[in-house]
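Undergrad: Sequence:
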Amino acid sequence: MGERKSSSKKKSSGKKRLKVSSKAFHCSSGRAYLFNKVVNITFGQTEERTMLSGMHTVMDIFCRRCGQILGWKYEKSHEESQKYKEGKFVLERVGIIDGEFDSEFYIDTRSSSSDEEDTV
1 MGERKSSSKK KSSGKKRLKV SSKAFHCSSG RAYLFNKVVN ITFGQTEERT MLSGMHTVMD
61 IFCRRCGQIL GWKYEKSHEE SQKYKEGKFV LERVGIIDGE FDSEFYIDTR SSSSDEEDTV
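In the numbering used here, the protein residues as written are 1 to 120.
Heads up, some of the hints might be wrong.
[What the hints assert, rightly or not] Derived lysine-lysine pairs resembling DSS-like cross-links, with alpha carbons at most 30 Å apart:
#1 Lys76 / Lys88
#2 Lys83 / Lys37
#3 Lys76 / Lys37
#4 Lys37 / Lys88
No wet-lab data here; the hints were simulated from the structure.
Construct all of the structure, not just a fragment, from the sequences and the given hints.
TA: Structure representation (structure tokens):
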């Protein structure tokens, strides 16, 4: 238990500690995690996207080092019940690696909020 070491599948650099807000998220590739803050990323174009929880304005996020897509950032939620997602980030599980090696991120997968939230 405790912290999980993870990095972009393609490249690792520097070590950062990230805290998961929720593990109750899903994407087309499977499991995903919600974060309040992420590091070492760049942003794609803002777009409207229909998700399981409704319409959202989002930006894809990419690894700053290798350019791999990692997930997305919620800019705006059109449903009142989904406003808590605004400004937060989703990292797709498939885009990060676990392991006992030097890594870009330390991810603590213990939720700091309820895992009973709607999934994306």
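Undergrad: The structure should be examined with respect to each hint, and the outcome stated for every one.
TA: Verification of the supplied hints:
1. Straight-line distance between C-alpha atoms of Lys76 and Lys88 comes to about 10 Å, which keeps the hinted pair within the 30 Å bound.
2. Under the criterion of a C-alpha separation no larger than 30 Å, the hint pairing Lys83 with Lys37 is consistent with the structure, at around 16 Å.
3. Distance hint between Lys76 and Lys37 is fulfilled; the C-alpha atoms sit about 16 Å from each other, no more than 30 Å.
4. Between Lys37 and Lys88 the CA atoms are separated by roughly 7 Å; this keeps the pair inside 30 Å, and the hint holds.
When the structure is compared with the earlier hints, no violation turns up for any of them.
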